[in-house]
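Student: What follows is the residue order along each chain.
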Amino acid sequence: VQLVESGGGLVKPGGSLRLSCAASGFTFNTAWMNWVRQAPGKGLEWVGRIKSKTDGGTTDYAAPVKGRFTFSRDDSKNTLYLQMNSLKTEDTAVYYCTTALRGRYYGMDVWGQGTTVTVSS
Amino acid sequence: DIQMTQSPSSLSASVGDRVTITCRASQSINSYLNWYQQNPGKAPKLLIFAASSLQSGVPSRFSGSGSGTDFTLTIGSLQPEDFATYYCQQTYSSPVTFGQGTRLEIK
Numbered sequence: 001v002q003l004v005e006s007g008g009g010l011v012k013p014g015g016s017l018r019l020s021c022a023a024s025g026f027t028f029n030t031a032w033m034n035w036v037r038q039a040p041g042k043g044l045e046w047v048g049r050i051k052s053k054t055d056g057g058t059t060d061y062a063a064p065v066k067g068r069f070t071f072s073r074d075d076s077k078n079t080l081y082l083q084m085n086s087l088k089t090e091d092t093a094v095y096y097c098t099t100a101l102r103g104r105y106y107g108m109d110v111w112g113q114g115t116t117v118t119v120s121s
Numbered sequence: 001d002i003q004m005t006q007s008p009s010s011l012s013a014s015v016g017d018r019v020t021i022t023c024r025a026s027q028s029i030n031s032y033l034n035w036y037q038q039n040p041g042k043a044p045k046l047l048i049f050a051a052s053s054l055q056s057g058v059p060s061r062f063s064g065s066g067s068g069t070d071f072t073l074t075i076g077s078l079q080p081e082d083f084a085t086y087y088c089q090q091t092y093s094s095p096v097t098f099g100q101g102t103r104l105e106i107k
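Line order of the protein sequences matches chains A and Z. Mapping to our numbering: the first sequence position 21 is 21, numbers consecutive. Mapping to our numbering: the second sequence position 11 is 11, numbers consecutive.
Rather than coming from a laboratory, the hints here were simulated on the basis of the structure. Fair warning: this is a prediction, and the values are worked out from it, not measured in the lab. Possibly wrong hints are sitting among the right ones.
Claimed, not checked - Calculated cross-link-like contacts (lysine-lysine; reagent style PhoX-like; alpha-carbon spacing at most 25 Å):
{"id": "1", "chain 1": "A", "residue 1": "Lys53", "chain 2": "Z", "residue 2": "Lys42"}
{"id": "2", "chain 1": "Z", "residue 1": "Lys107", "chain 2": "A", "residue 2": "Lys51"}
{"id": "3", "chain 1": "A", "residue 1": "Lys12", "chain 2": "A", "residue 2": "Lys53"}
{"id": "4", "chain 1": "A", "residue 1": "Lys42", "chain 2": "Z", "residue 2": "Lys107"}
{"id": "5", "chain 1": "A", "residue 1": "Lys77", "chain 2": "A", "residue 2": "Lys53"}
{"id": "6", "chain 1": "A", "residue 1": "Lys42", "chain 2": "Z", "residue 2": "Lys45"}
{"id": "7", "chain 1": "A", "residue 1": "Lys42", "chain 2": "A", "residue 2": "Lys77"}
{"id": "8", "chain 1": "A", "residue 1": "Lys66", "chain 2": "A", "residue 2": "Lys53"}
Produce the complete structure using the sequences and hints provided.
Tutor: In structure tokens:
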């Protein structure tokens, strides 16, 4: 069971970046997938989630990113995406993809290693 | 949004000590409360789910209790590898929210 993020890097304020999260070892197409971020020296912040297509495939976004970030998934590739637009310096963080194999209420038990996004001029 | 408040924010303890971290929700979350451990530069690790269920592979010195709005994480006898930061998280409703974290340091 594994999640591997990629796509992080340095981007200027106002720029865009797309993160990917490759899943393996579990049934990706039934999993609700989350993004969680952690700014340098700060705590954990839930960015949002995308439900499985069987549960409607809808998305929920945290207020700070709503309208700027978009989640998507390609179940044929077992891959989750995070499209980040209009980036701000306060979006600088390590971004983790994560899921709860028991179901959304029961704790996120699978995490990627994280990918670092730095927004700076 | 449901606010999660942990206390203390930091804690100094010695190997062998028993420690308790508390987490309070701003409204009832039934038992949809999870605890994570995070070491520097690493992803969080799930310790306890549904307030009191021990995640597979987690040592039994970790335990959780509570329901409604008040929860605790107890470490029965601290080991050197337990010095880390701990977070509570509610998954009762969206948006999912975390406590601010408790940093457990060696005395």
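Student: Taking the earlier hints as the rules, which of them does this structure contradict?
Tutor: Result: hints 1, 2, 3, 7 break, sorted rising.
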